[in-house]
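Please work from the sequences and hints to get the whole structure.
Listed here are the chains, written in short residue letters.
2 protein chains.
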Amino acid sequence: MVDRGLLIVLSGPSGVGKGTVRKAIFEQEENDLEYSISMTTRKERIGEIDGSDYFFRTKEQFEDLIKKDGLLEYAEYVGNYYGTPLEYVNRTLDSGKDVFLEIEVQGALQVREKMPEGIFIFLTPPGLKELKSRIVSRGTDESSVIESRMERAIEEINLMQHYDYAVENDKVENAVAKIKDIVECEHLKVSRVIHRYKKMIEEL
Amino acid sequence: MVDRGLLIVLSGPSGVGKGTVRKAIFEQEENDLEYSISMTTRKERIGEIDGSDYFFRTKEQFEDLIKKDGLLEYAEYVGNYYGTPLEYVNRTLDSGKDVFLEIEVQGALQVREKMPEGIFIFLTPPGLKELKSRIVSRGTDESSVIESRMERAIEEINLMQHYDYAVENDKVENAVAKIKDIVECEHLKVSRVIHRYKKMIEEL
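If you read the protein sequences in the order shown, they are chains L and Z.
Quick note, the first sequence lines up with residues 1 to 204 if you use UniProt numbering.
Quick note, the second sequence lines up with residues 1 to 204 if you use UniProt numbering.
Keep in mind the hints are simulated off the structure, nothing from the lab.
Please note that a few of the clues may not be correct.
Intra- or inter-copy, both count: the list cannot distinguish identical chains.
[Said to hold, decoys possible] Straight-line alpha carbon distances no greater than 27 Å define the calculated DSS-like cross-link-like pairs of lysine-lysine that follow:
| # | residue 1 | residue 2 |
| --- | --- | --- |
| 1 | LYS171 | LYS199 |
| 2 | LYS171 | LYS198 |
| 3 | LYS97 | LYS189 |
| 4 | LYS114 | LYS189 |
| 5 | LYS198 | LYS68 |
| 6 | LYS97 | LYS180 |
| 7 | LYS97 | LYS198 |
| 8 | LYS199 | LYS59 |
| 9 | LYS23 | LYS114 |
| 10 | LYS23 | LYS97 |
| 11 | LYS23 | LYS43 |
Treat the numbers as computed from the prediction; the structure is a model and nothing was measured.
Okay, structure coming up:
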């Protein structure tokens, strides 16, 4: 029997660069992580593949899954549902693979509720001033929009306490290296490996 | 104010290669760990320096320190005391440096009692058969001696549950890399860094 894989959750404030870090991780060749494919009710775009880019479902199918508690987390965004199908995650974990989830903070908190044993990594800006400049430099938004984004970012940093690790996104390659180290170290936890040693002793 | 350093405790069964791994770590140039100097009542050998190789003390001084609860752990071995002076460890941790301790399993358990916040790493043999061959190949011991060493090793592996991480000593360089990764990852724990982010928010 294989050991169940680890659920790795990468999250962090808006604009911190979660997507960029996630892409960089999956662009690397030596990578044992399985990317968790999201489910959505939004229309399939040209070139997108069902079961690869997303699991595309109707609103009715998605709401049915919500009722059956079949989602690890979900949210509604601009009239469409986005979520993480629980069954897919469980099946992948059971096969011994680590599952990697990159989601917004609110989604990550839902996952913490349902799978507290997951490894929760909070991607942080190198400093709050840096975060502010990232939020501001995104476009030509009004100052009130910027202010509210800023407040939200501060709220999100306060949510950090629900996470296991904080990784500073000073450089994408640094953040990627740290996240990969965290996954490796988590596999060295005695609580995860001791049963193998106990088995070795029994077989002596 | 600097953050207090981490106490890193490397331990494991007799003959597993703790000393070799520790030496390899401290032979590396980029190394932020401070090696914890032991205190002993054994005679100073030629070339040894007090405060560098050991803190050399008289039996009376050592027993006085035991009474004052001034040792993180200690043991008697062939008529001499060996131990870890608490004050030295605390002072180094307070200066922001990580302290590295390489000790026997019984000593590690004493440290776990006194400093449960330490990071406890259990160095394991690649397999029990491999451990047996290491125990046997040490010298020309009688089989009864070997058997009792073996039993002790099994007992020690059962003690693994008091540790945080298990690192397999398949190759010294692999074990060294894993231990260094563990130290880095432990510094990324939210519980250790969140106060810095809270301070940043306050200063905004």
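Outcome of the hint check:
no.	hint	verdict
1	LYS171 x LYS199	between (42 Å within a copy, 22 Å between copies)
2	LYS171 x LYS198	between (41 Å within a copy, 22 Å between copies)
3	LYS97 x LYS189	both (17 Å within a copy, 23 Å between copies)
4	LYS114 x LYS189	both (21 Å within a copy, 21 Å between copies)
5	LYS198 x LYS68	neither (38 Å within a copy, 39 Å between copies)
6	LYS97 x LYS180	both (14 Å within a copy, 25 Å between copies)
7	LYS97 x LYS198	within (22 Å within a copy, 35 Å between copies)
8	LYS199 x LYS59	neither (48 Å within a copy, 44 Å between copies)
9	LYS23 x LYS114	within (25 Å within a copy, 44 Å between copies)
10	LYS23 x LYS97	within (18 Å within a copy, 35 Å between copies)
11	LYS23 x LYS43	within (23 Å within a copy, 60 Å between copies)
Of the numbered hints stated above, those contradicted by the structure are hints 5 and 8, listed in ascending order.
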